[in-house]
Each structure stands twice: as C-alpha cells, then as structure tokens.
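**Student:** Residue strings, one per chain:
2 protein chains.
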Amino acid sequence: MRIRPATSADHAAIWAILEPVIRAGETYALDRAMSREDALAFWLANEAFVAEEQGEVAGTYYLRRNQAGGGGHVCNAGYMVAAEASGRGVARAMAVHSFEHAKARGYRGMQFNFVVSTNARGVRLWQSLGFAEIGCVPGGFAHPGLGFVDALMMYRAL
Amino acid sequence: MRIRPATSADHAAIWAILEPVIRAGETYALDRAMSREDALAFWLANEAFVAEEQGEVAGTYYLRRNQAGGGGHVCNAGYMVAAEASGRGVARAMAVHSFEHAKARGYRGMQFNFVVSTNARGVRLWQSLGFAEIGCVPGGFAHPGLGFVDALMMYRAL
Chain A
509 MRIRPATSAD HAAIWAILEP VIRAGETYAL DRAMSREDAL AFWLANEAFV AEEQGEVAGT
569 YYLRRNQAGG GGHVCNAGYM VAAEASGRGV ARAMAVHSFE HAKARGYRGM QFNFVVSTNA
629 RGVRLWQSLG FAEIGCVPGG FAHPGLGFVD ALMMYRAL
Chain B
509 MRIRPATSAD HAAIWAILEP VIRAGETYAL DRAMSREDAL AFWLANEAFV AEEQGEVAGT
569 YYLRRNQAGG GGHVCNAGYM VAAEASGRGV ARAMAVHSFE HAKARGYRGM QFNFVVSTNA
629 RGVRLWQSLG FAEIGCVPGG FAHPGLGFVD ALMMYRAL
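Taken in order, these protein sequences are the chains called A and B. The working numbering runs 508 ahead of the 1-based position in the first sequence. The working numbering runs 508 ahead of the 1-based position in the second sequence.
There's no promise every hint is true.
Claimed, not checked - A short, non-exhaustive set of chain A residues, derived as facing chain B with CB atoms under 10 Å:
hint: 1; residue: I511
hint: 2; residue: W523
hint: 3; residue: D539
hint: 4; residue: A576
hint: 5; residue: G580
hint: 6; residue: G617
hint: 7; residue: A640
hint: 8; residue: C644
hint: 9; residue: G648
hint: 10; residue: F649
hint: 11; residue: V657
Unchecked claim - Between beta-carbon pairs, the in silico distance windows are:
hint: 12; chain 1: A; residue 1: P513; chain 2: B; residue 2: S636; range: 23 to 33 Å
hint: 13; chain 1: B; residue 1: G563; chain 2: A; residue 2: E527; range: 23 to 33 Å
hint: 14; chain 1: B; residue 1: A612; chain 2: A; residue 2: A541; range: 20 to 30 Å
hint: 15; chain 1: B; residue 1: E545; chain 2: A; residue 2: A549; range: 15 to 25 Å
Read the hints as simulated data drawn from the structure, not as lab findings. Source: prediction; values computed, not measured. Where a beta carbon is used, it is the ideal one built from N, C-alpha and C, also for glycine.
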C-alpha cells in the first residue's frame, strides 16, 4: 500500500469513495444530499491523502487543525475506505500515516469531534489505535435507521 | 434591554466588542491576529443578534447548527459582551433569548465545543443556565498566560 498526497487527478476516485458514505448518512455528520463539488471542497479544504493498492485508490483521509488560535495545536482528521477494499487494514494504515504526518506538522494531539456511537467498527479501531473517549453528545446524531444515538468525541496525544 | 437581529449597521459596534476578546486570545479559539473582515464573516456567517441598552450595543451572539446531516438538530452559539457592559446580565439575557430562538428554529439541543476551562466566569454562567460538561480536551487550549489548559464541551437540551 502506498499513501501519498491527493491530487486533482484523484477527484473522481475520492468522490467514488465519499459518495456512498455520505448518501448512507450513518457515520458522518454531512448532509446526505451533499453535492460532489461541496463534498470535495470539504474533504480537500486543507491536506488530503489517498491510499493506493495496485495503482487503485482504496481509501482517503484529510487532516486539518481542529480549532484556530489557542486550539491550533490539535488536529482533526477524517478517513474513508472504498467498500470493496474494506477489511484489509486500509483505514488503520492511513491512521498511522496521519499520526506521523500530523506530528511532523507540529500537532500535539488529534481529536475526532463526532464519532457516531453505533459505528462500532470505527470506535473499536480508534480505541485500538490509542484514542480515548473524551466526550459524548447525548442523542447527538439522528441515525437514519436507529433514531437519535450518541456522538462521541475521541482524542489521542501525538 | 432589547435583543434583535444584527444588521449591517451594527458591524462597527460588533467589531468593537469582538476585537479586544479576539486580541486577548484567552476565551475563544480564534486567531489573535484575525482581521475585522474575517471576524465579522465568522460571527455573522449564519444568524447573529445584538443586545441594546439605551440604544447602545452592549453584546452580541451568533447561532448556527453545530454539525450538518444527522447532527443538524443541535445548534452552537457564541456570546460576547462589551467590557463596559460587563456584570449587568447581558450574557445571561442573550443566552435565554438564544434558547428560545433556537427552540423556535427546531433545534433540540445546544452545544459549546470549546469552553476554555480557565474561563471560570463563563463556565459558572453556563452551568447556572443548565449546561452540563459533556467532554474535555486535555490541554486543548494554549492560554497566552497560563500555557496548556483544558477545553470543555458543554451541552444543554432545549
């Protein structure tokens, strides 16, 4: 697997990964009807990377500061994996890559503001990578199938 | 006191309130060097109100959704009071106004993502208004005088 900065040539591959996740609306707090243009603008607003397997984009992640000013030493990141590449460690590899990249950028911690609590696979992955649950918004997420479920805040020192 | 929607005629008065708070950098995670234009764009991005006393703008607040998609039923707000109007209940009056306005907009909860823990007056105010601490970013804020201090996440059902 090769993880490298995303380029404009990756837009179609990135959107192919983002679109089903956004349309499902089960794990990200993004409008389910979000347009390709808006989704790519959101994902690529700061730094974004892609994970390639045999020349195919299997996953993508973004990295940005989570707050400005006095909060600028903590970053935020988001990760998505192509459905057909699921279960092969792509998310984990991108996460490890992002920790190193964020440290090199001078960040001291990484914060996820909104991990949907019913995304058990995601929660387990972040816990296994050293993230602690540091907060919980009660009923913070309206899950399309399950109704109001908690949204977690997770943090990892870098 | 009269609380009403902000108009473009209020920009100078709003900036006069925002500027010292942003420059001090002790309570908001905003760049201390933020320009007037950027600060007003941030504050007025969605809905903003001002509190008037004897025709003078004594405080201002903004209201917006805190997350998109499945998180869109929780709002976020920010409040600032002119230094010379401090201690007269302006922040509390704006908060109560914002709860009613947010409820009328259909929001089910209000979340503060980043209450600097050393802002004791702010934390006490929010607690007295029914906010609970639902999270804490360890060392999440680089205070200009105190170094790294915790940042709290607070929530109130509406």
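**Student:** Next step is simple, just say for each hint if it's right about the structure.
**Tutor:** Status of the hints after comparison with the structure:
1. I511: violated (27 Å)
2. W523: violated (17 Å)
3. D539: Where the cut-off is 10 Å and the nearest Cβ of chain B is about 5 Å from D539(A), the hint holds.
4. A576: At about 5 Å, which falls below the 10 Å cut-off, the nearest Cβ of chain B leaves the hint on A576(A) intact, so it holds.
5. G580: holds (8 Å)
6. G617: holds (7 Å)
7. A640: This hint holds: A640(A) lies near chain B, its Cβ roughly 9 Å from the closest one there, short of 10 Å.
8. C644: holds (6 Å)
9. G648: holds (6 Å)
10. F649: At 5 Å from the nearest chain B Cβ, F649(A) passes the 10 Å test, so the hint holds.
11. V657: Result: holds, 9 Å to nearest chain B Cβ.
12. P513(A) - S636(B): 23 to 33 Å: violated (48 Å)
13. G563(B) - E527(A): 23 to 33 Å: The hint (23 to 33 Å, Cβ to Cβ) is violated, given that G563(B) and E527(A) are roughly 52 Å apart.
14. A612(B) - A541(A): 20 to 30 Å: holds (24 Å)
15. E545(B) - A549(A): 15 to 25 Å: holds (21 Å)
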